[in-house]
Amino acid sequence: TNRRENKMMRALHRLSRPLLRTTTRASSAASSAAVPAAASAGRLVLVSRKAMSSSAEVSEAQRNVVVHGGLKDADRIFTNLYGDGSPWIDGAIKRGDWHRTKDLIGMGRDWIIEEIKASGLRGRGGAGFPTGLKWSFMPKVSDGRPQYLVVNADESEPGTCKDREIMRKDPHKLIEGCLVAGFAMGAHAAYIYIRGEFTYEAECLERAVAEAYKKGMLGKNAAGSGWDMDVYVHRGAGAYICGEETGLIESLEGKPGKPRLKPPFPANVGLYGCPSTVNNVETIAVAPTILRRGASWFSSFGRKGNHGTKLFCISGHINNPITVEEEMSIPMKDLIERHAGGVRGGWDNLLAVIPGGSSVPNLTKEVCDTVLMDFDALREVTSGLGTAGLFVFDKSADMIKGIQRLSYFYKHESCGQCTPCREGTTWLWKVMKRMELGDAKVEEIDMLEELTRQIEGHTICALGDAAAWPVQGLIRNFRPQMEERIAQYKLSQQQQQQKQGTHADQAYN
Amino acid sequence: GASGIFCFFPFPDTTHMFRTVGRRLSGLGPKHTKWTRHKDLANFKYSQWDFSADSYTKVKAILARYPEHKKQSAILPLLHVVQEQTGGWIPAPAARKVAEACECPPRRVYECMTFYAMYHPYPQGKYHLLVCRTTPCMIRGCDSILKTLCDALGVVEGETTKDGMFTIGTMECLGACVNAPMLVCVDYSNPPSYKWDYFEDLTPETTLKMLESLQNGVYPTPGPQGSRRLSEPAGGRTTLQATPPGPTETGLDDRLSEPAGGRTTLQATPPGPTETGLDDRL
Chain Z
1 TNRRENKMMR ALHRLSRPLL RTTTRASSAA SSAAVPAAAS AGRLVLVSRK AMSSSAEVSE
61 AQRNVVVHGG LKDADRIFTN LYGDGSPWID GAIKRGDWHR TKDLIGMGRD WIIEEIKASG
121 LRGRGGAGFP TGLKWSFMPK VSDGRPQYLV VNADESEPGT CKDREIMRKD PHKLIEGCLV
181 AGFAMGAHAA YIYIRGEFTY EAECLERAVA EAYKKGMLGK NAAGSGWDMD VYVHRGAGAY
241 ICGEETGLIE SLEGKPGKPR LKPPFPANVG LYGCPSTVNN VETIAVAPTI LRRGASWFSS
301 FGRKGNHGTK LFCISGHINN PITVEEEMSI PMKDLIERHA GGVRGGWDNL LAVIPGGSSV
361 PNLTKEVCDT VLMDFDALRE VTSGLGTAGL FVFDKSADMI KGIQRLSYFY KHESCGQCTP
421 CREGTTWLWK VMKRMELGDA KVEEIDMLEE LTRQIEGHTI CALGDAAAWP VQGLIRNFRP
481 QMEERIAQYK LSQQQQQQKQ GTHADQAYN
Chain S
1001 GASGIFCFFP FPDTTHMFRT VGRRLSGLGP KHTKWTRHKD LANFKYSQWD FSADSYTKVK
1061 AILARYPEHK KQSAILPLLH VVQEQTGGWI PAPAARKVAE ACECPPRRVY ECMTFYAMYH
1121 PYPQGKYHLL VCRTTPCMIR GCDSILKTLC DALGVVEGET TKDGMFTIGT MECLGACVNA
1181 PMLVCVDYSN PPSYKWDYFE DLTPETTLKM LESLQNGVYP TPGPQGSRRL SEPAGGRTTL
1241 QATPPGPTET GLDDRLSEPA GGRTTLQATP PGPTETGLDD RL
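Line order of the protein sequences matches chains Z and S.
Residues in the first sequence are numbered consecutively from 1, following this note's numbering.
Residues in the second sequence are numbered consecutively from 1001, following this note's numbering.
Quick caveat, the hints were computed from the structure, so don't treat them as lab data.
Please note that the accuracy of each hint is not assured.
Claimed, not checked - Within a straight-line C-alpha distance of at most 25 Å, the following computed DSS-like cross-link-like pairs (lysine-lysine) qualify:
1) S:Lys-1060 x S:Lys-1070
2) S:Lys-1147 x Z:Lys-255
3) S:Lys-1195 x Z:Lys-401
4) S:Lys-1060 x Z:Lys-220
5) Z:Lys-255 x Z:Lys-102
6) Z:Lys-7 x Z:Lys-117
7) Z:Lys-401 x Z:Lys-117
8) S:Lys-1060 x Z:Lys-255
9) Z:Lys-215 x Z:Lys-140
10) Z:Lys-255 x S:Lys-1070
11) Z:Lys-215 x S:Lys-1070
12) Z:Lys-214 x Z:Lys-117
13) S:Lys-1147 x Z:Lys-401
14) S:Lys-1147 x Z:Lys-215
15) Z:Lys-7 x Z:Lys-255
16) Z:Lys-72 x Z:Lys-304
17) Z:Lys-220 x S:Lys-1195
18) S:Lys-1209 x Z:Lys-214
19) Z:Lys-7 x Z:Lys-262
20) Z:Lys-102 x Z:Lys-215
21) Z:Lys-117 x Z:Lys-140
22) Z:Lys-430 x S:Lys-1060
23) S:Lys-1058 x Z:Lys-262
24) Z:Lys-430 x Z:Lys-365
25) Z:Lys-7 x Z:Lys-140
26) S:Lys-1060 x Z:Lys-214
27) Z:Lys-365 x Z:Lys-411
28) S:Lys-1147 x Z:Lys-220
29) Z:Lys-94 x Z:Lys-255
30) S:Lys-1071 x Z:Lys-220
31) Z:Lys-304 x Z:Lys-262
32) Z:Lys-365 x Z:Lys-401
33) S:Lys-1058 x S:Lys-1147
34) Z:Lys-395 x S:Lys-1147
35) Z:Lys-411 x Z:Lys-401
36) Z:Lys-433 x S:Lys-1147
37) S:Lys-1071 x Z:Lys-411
38) Z:Lys-255 x Z:Lys-220
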């Protein structure tokens, strides 16, 4: 029934929003360290990152644990990431897109959804919801309403710039993905909502869509599969909140992008009130390759529950900012040193890393030494993988100023619908602005934390949580620095007052 | 006041004065600022506004993308068309024209106009330089880029230069974080054609060079202003160092004929001819 489905979806939805107040359990430590024995050639075997209670357990773990990383080029999906080849259909076909799409679709909706479920693909847009499961929520039999696939190309999360690479250098992966995913969910139309600022990327995408239509890959009997598929590109106009699933649907419908309450979920009532699924660009773009190369190939990467490859965007105080496709569960230190040239001034110069776009709490160096880049490992250290847009702060960075800027970002981007977010993000920013100077009392740090807890979870959409978490991370990890700044400011105020004299003196002077 | 036979009516119209008593006494400012007021003086430049013939082709193509009865979806793309045609802003009559095209009340268009950051209700300069200032760009030095631009042009953030050539603004994350710091140059110097280009990997020197180039009327090359092409690492690639392989499939033919979760039947070689008591039954 609808109610049971809603209950189930609400529960699964809650699971995908990381619960930051849970304490780590000892059993989870053991289960996260043990990994299936099948390890392909070329991977190192190293010590597990979790401290075990007995040496016997340690050696057991040492024998079983595999460290991920060092993805070979042959296993990469986005092979035109740096634009070596032509992004257009001729180049795409050479790289293997549009290969036997007809056969893949010929296997049927259920086969496609089962393969995607078996591959372990989780949403690449930040929430990490299992994609096969999401696609299976779409109605199998239409009740008269058309079904829509909506692709979320509104890449506004600070730190994230992976979707623009897909859209300008490999758009046909996305378009083929739209066809395959649209067929799997019974949709004859896909709307790609691309953020307004990505003008060049939108032009590339429109050109690629036109090429696909011309070649018969879209439109009636798309790619000869017998399924009619239309893909439309819709440009947004500069709002981060339109990256939220229901905010995006509202914006597509021509209204301000103010998110809706869930339930009803988009699979029941979505775009134009019809069943629709909103997926990230990367999620859709990897789907055809997964189907062609096999679910077991995709799930051979990464740990259990965190399978596959991911585009990581590493920015900040590193030697080589880069967008790179790597295996999930790669250690963060390995990722930064191997691909991004290491932290400026050496690994020991690292102060903090925000691992998944700005909406997740930061991690200090001690954690970054050993943490793995996947959904579960980062959730265990009270952060999250999010969109895998890392930004790295070295010891020269002012963390408080950085988080203040993020607070301003959330205040600016709040749609204003619900009070905790609208008032809370403004209040957060005002306090953070004073914290940057140190013009605050020490008690206000606790007040700030309480404020974030009042915003988190009490909003219509996850922007409230996203605004709260960076500040919580700052207070958890950098409280001494905040208190020091407050003390310094107080001292400098006192010194200034001593220089100026009291008001009484000034009156007579 | 009233008009008609009695041209002189001695009592002033006090409605506005009474209605704003609370606002004035509590020291609040005017109810509408330039951000929310769409009856701005600048808008009176146009008493009526219409799409040009070129714009109408675009409008028709846009409206064809959405279902017949859901033309409201076209508001956002049509407002972009308006901005391109006028050269950087949306006059109120244009918003009403968009409402007409989308068959919805004008307030729906005003809602969208004021909600989204890319729509401007008042004119901008010919070149609109928007610096991204969120944390990933901040830690790579976007503040110095902004300062360089403002000092070179003698304006503060948000202002347009006296000659109407440049407007300096800031934006929230523009989605080019590995190429930080960066800015967007929107070229409205030649409406209806316009350019919206990212200039990435900036330093104060390259920013000034870019600005000079624009001042001389030469449009600089967009993209990373340093040595690299896109998002590949400046220090040399660590991946994708060879030509990628062609179409790759792994056991696709076998998998295409088998159920995804693994076989539940026919897991062994089938037996040869099988009969049960056939001779008796024959």
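Do the hints match the structure? See the list:
1. Annotation: proposed proximity of Lys-1060 of chain S to Lys-1070 of chain S holds, straight-line Cα distance about 14 Å (limit 25 Å).
2. Only pairs whose Cα atoms come within 25 Å are accepted, and Lys-1147 of chain S paired with Lys-255 of chain Z is rejected, the gap being roughly 36 Å.
3. In summary, the hint linking Lys-1195 of chain S to Lys-401 of chain Z is not supported, as the alpha carbons are separated by about 33 Å, beyond the 25 Å threshold.
4. Only pairs whose Cα atoms come within 25 Å are accepted, and Lys-1060 of chain S paired with Lys-220 of chain Z is accepted, the gap being roughly 21 Å.
5. Between the alpha carbons of Lys-255 of chain Z and Lys-102 of chain Z the distance comes to roughly 37 Å, so the proposed pair goes past 25 Å and is violated.
6. About 21 Å separates the Cα atoms of Lys-7 of chain Z and Lys-117 of chain Z, which keeps this hinted pair within 25 Å; it holds.
7. Distance hint between Lys-401 of chain Z and Lys-117 of chain Z is unfulfilled; the C-alpha atoms sit about 42 Å from each other, more than 25 Å.
8. At roughly 20 Å between alpha-carbon atoms, Lys-1060 of chain S and Lys-255 of chain Z fall within 25 Å of each other, so this suggested pair holds.
9. Between Lys-215 of chain Z and Lys-140 of chain Z, the direct Cα distance comes to roughly 30 Å. Violation of the 25 Å bound is thereby established for this hinted pair.
10. For the suggested pair Lys-255 of chain Z and Lys-1070 of chain S, the alpha carbons sit about 11 Å apart, so the restraint of at most 25 Å is met.
11. Proximity of Lys-215 of chain Z to Lys-1070 of chain S is assessed by CA-CA distance (about 29 Å); at most 25 Å being required, the pair is judged violated.
12. In summary, the hint linking Lys-214 of chain Z to Lys-117 of chain Z is not supported, as the alpha carbons are separated by about 32 Å, beyond the 25 Å threshold.
13. Proximity of Lys-1147 of chain S to Lys-401 of chain Z is assessed by CA-CA distance (about 17 Å); at most 25 Å being required, the pair is judged to hold.
14. A threshold of 25 Å between alpha carbons decides the hint, and for Lys-1147 of chain S with Lys-215 of chain Z the separation of about 50 Å lies outside it, so the pair is violated.
15. For the proposed pair Lys-7 of chain Z and Lys-255 of chain Z, the alpha carbon gap of about 28 Å is over 25 Å, so the pair is violated.
16. With a C-alpha separation of about 20 Å, the suggested pair Lys-72 of chain Z and Lys-304 of chain Z falls inside the 25 Å cut-off, and the hint holds.
17. For a cut-off of 25 Å, the pair hint linking Lys-220 of chain Z to Lys-1195 of chain S is broken: about 34 Å separates their Cα positions.
18. Under the criterion of a C-alpha separation no larger than 25 Å, the hint pairing Lys-1209 of chain S with Lys-214 of chain Z is inconsistent with the structure, at around 42 Å.
19. In summary, the hint linking Lys-7 of chain Z to Lys-262 of chain Z is supported, as the alpha carbons are separated by about 11 Å, within the 25 Å threshold.
20. Taking the CA atoms of Lys-102 of chain Z and Lys-215 of chain Z, the gap is near 14 Å; set against the 25 Å cutoff, the hint holds.
21. This hinted pair checks out: Lys-117 of chain Z and Lys-140 of chain Z have alpha carbons roughly 17 Å apart, not beyond 25 Å.
22. This hinted pair does not check out: Lys-430 of chain Z and Lys-1060 of chain S have alpha carbons roughly 46 Å apart, beyond 25 Å.
23. With a C-alpha separation of about 36 Å, the suggested pairing of Lys-1058 of chain S with Lys-262 of chain Z is violated against the 25 Å cut-off.
24. A hinted pair counts as satisfied when its Cα atoms are at most 25 Å apart, and Lys-430 of chain Z with Lys-365 of chain Z does not qualify at roughly 28 Å.
25. Between the alpha carbons of Lys-7 of chain Z and Lys-140 of chain Z the distance comes to roughly 19 Å, so the proposed pair stays at or under 25 Å and holds.
26. The straight-line distance between the Cα atoms of Lys-1060 of chain S and Lys-214 of chain Z is roughly 20 Å, inside the 25 Å bound, and the hint therefore holds.
27. Taking the CA atoms of Lys-365 of chain Z and Lys-411 of chain Z, the gap is about 28 Å. The hint is violated against a cut of 25 Å.
28. Between Lys-1147 of chain S and Lys-220 of chain Z the CA atoms are separated by roughly 54 Å; this puts the pair beyond 25 Å, and the hint is violated.
29. Among the hinted pairs, Lys-94 of chain Z with Lys-255 of chain Z is inconsistent with the structure: their alpha-carbon atoms are about 41 Å apart, more than 25 Å.
30. Simply put, Lys-1071 of chain S and Lys-220 of chain Z have alpha-carbon atoms about 23 Å apart, close enough for the 25 Å limit, and the pair holds.
31. The suggested pairing of Lys-304 of chain Z with Lys-262 of chain Z is violated, with an alpha-carbon distance near 29 Å, which exceeds 25 Å.
32. Under the criterion of a C-alpha separation no larger than 25 Å, the hint pairing Lys-365 of chain Z with Lys-401 of chain Z is consistent with the structure, at around 19 Å.
33. A threshold of 25 Å between alpha carbons decides the hint, and for Lys-1058 of chain S with Lys-1147 of chain S the separation of about 39 Å lies outside it, so the pair is violated.
34. As the CA atoms of Lys-395 of chain Z and Lys-1147 of chain S are separated by approximately 24 Å, the hinted pair is consistent with the 25 Å bound.
35. Taking the CA atoms of Lys-411 of chain Z and Lys-401 of chain Z, the gap is about 15 Å. The hint holds against a cut of 25 Å.
36. This hinted pair checks out: Lys-433 of chain Z and Lys-1147 of chain S have alpha carbons roughly 20 Å apart, not beyond 25 Å.
37. Distance check on the hinted pair: Lys-1071 of chain S and Lys-411 of chain Z sit about 31 Å apart at the alpha-carbon level, beyond 25 Å; violated.
38. For the suggested pair Lys-255 of chain Z and Lys-220 of chain Z, the alpha carbons sit about 30 Å apart, so the restraint of at most 25 Å is broken.
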